[in-house]
Amino acid sequence: MLDADFFRRWMTATAASVDREAERLTALDSPIGDADHGSNLQRGFTAVVAVLEKEAPGTPGAVLTLAGRQLISTVGGASGPLYGTLLRRTGKALGDAGEVGAEQLTEALRTGVDAVMTLGGAAPGDATMIDALVPAVDALGDSFAAARTAAEEGAVATTPLQARKGRASYVGERSIGHQDPGATSAALLIAALAEAAGE
Amino acid sequence: MKMLINVPETVVADALRGLAAAHPELTVDVENRVIVRRDAPVAGQVGLVSGGGSGHEPLHGGFVGPGMLSAACPGEVFTSPVPDQMLRAAAAVDSGAGVLFIVKNYTGDVLNFDMAAEMAEDEGIQVAKVLVNDDVAVTDSLYTAGRRGTGATLFVEKIAGAAAAEGMPLERVEAIARQVNEGSRSFGIALSACSTPAKGSPTFDLPPGELELGIGIHGEPGRERRAMMTSGEIAEAAVEAVVEDLQPRNPVLVLVNGMGATPLLELYGFNAEVHRVLAQRGVPVARVLVGNYVTSLDMAGASLTLCQVDDELLRLYDAPVKTPGLRWGV
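So the sequences go chain by chain: A and B. Under UniProt numbering, think of the first position of the first sequence as 1, with each following residue one higher. Under UniProt numbering, think of the first position of the second sequence as 1, with each following residue one higher.
Same shape as in the complex, but just chain A (with noise of 0.2 Å):
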């Protein structure tokens, strides 16, 4: 069973992660966006793990909440809202339960995607953060080990995708040839949760 201790290993490892690769989710916003995903996920995710820390939430439902609740208060742009929606929602979706299942976590990370999917108006196949977490939802099923390996496999597979959504649509067809770095940073958010549970 995942206790709320668990979730908060979850978010500090993703802010971990989301800092030792900042440079390169900048880069890869360079030439398609507009070159700050990772300053702007790495402001959040500290901002997350401070707020966890002071406020030490007792249930997962409640770390994941605040997490998201944090991220719309301070990264801005599209990420903000989307990153903070997806925490969010699965929070809300794990009500007020002291431990939760893989199966729960599943179910509820489903319906955070799906909250995503609605703001952000992105499908699968968009090149977006969404071609990493659909397919990580659908092997979380398995293992967290092969929700990782998924979602990684999701975002290099937006590289010869056109984006249709964010920034990366202006440049149009220009946009082909570049792997996407929300679905990047999307796949580094799923890594930290296989982390989290030693796999």
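FYI, nobody ran anything at the bench for these hints, they're computed from the structure.
Computed from the model, here is a short list of chain A residues facing chain B with C-beta under 10 Å: (1) D34; (2) D36; (3) S73; (4) T74; (5) G77; (6) S79; (7) P81; (8) L82; (9) G84; (10) L119; (11) Q162; (12) A163; (13) G166; (14) A168; (15) G172; (16) E173.
Stretches of chain B that chain A covers, calculated by requiring three or more beta carbons in the stretch to come under 8 Å of a beta carbon on chain A: (17) 105 to 111; (18) 143 to 151; (19) 191 to 200.
We put the beta carbon where it would ideally sit given N, CA and C, even for glycine.
Could you slot chain B onto chain A? The hints should help.
Relative to chain A, chain B alone:
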């Protein structure tokens, strides 16, 4: 890349402290990143709130003051502000007559302003929104996030600001803002990429002999790259793109806008070419504005915006305005 900054992390806060020092007629909340006209809320007047990423100065903070915006929310460089800022701004400027959010069409701005509008309504503030999407370089919204908001933002903020100053109700101010946006089209050209403080180097690679057509205001590349052209050839391309899309039947307001690193010498020269081409096409010009208004950091280049006006819109455009970046009639 050399920049006149301390460290990238404090660029926005440092600029806000400087804005506050230069303009005591504004209340600048550096910590929460909200710029409000000092006499807000003004009784009986609709509050106008806009905002977006920093790096486009004087947009939006430089357009706060009587006759234009009531408040502005600057985000990080090229990153939209967060809902908390917009909510604070709305609360500061609402006199009970409601608040109009002026939102440029970028996914981040739209999402954050939507969230802020919901939060404001929960607090009993009546909010309306108008989306600015004037950029003709983005052709097919089925395959993009839709047309970007660029130069027309200035006309929307100026004209809606005058309507609010006259005490018009929220629905009317909103309708006027929409009319201005619907009558406006823009097209941008880059001669160089810009450099964000966080990255410290040009956001894309543009060789000396080439230019980008159809750029936005975030240092992203345009739709097409060509060999360098003369000012006259660029004016022909820009006017053609805008006029074909707008099909103006009324006189137009003209904004020849610098992207940040193009001298007025070049902008005035470009304006002369724009006028030559507009005259050839038989488009009457009502008013002209030339300068750096909606910039993209240190990008070299320009954008052209035309806004079709009727008598009322022209009267509102001519109405007094007193802001750091735009000032006349006072």
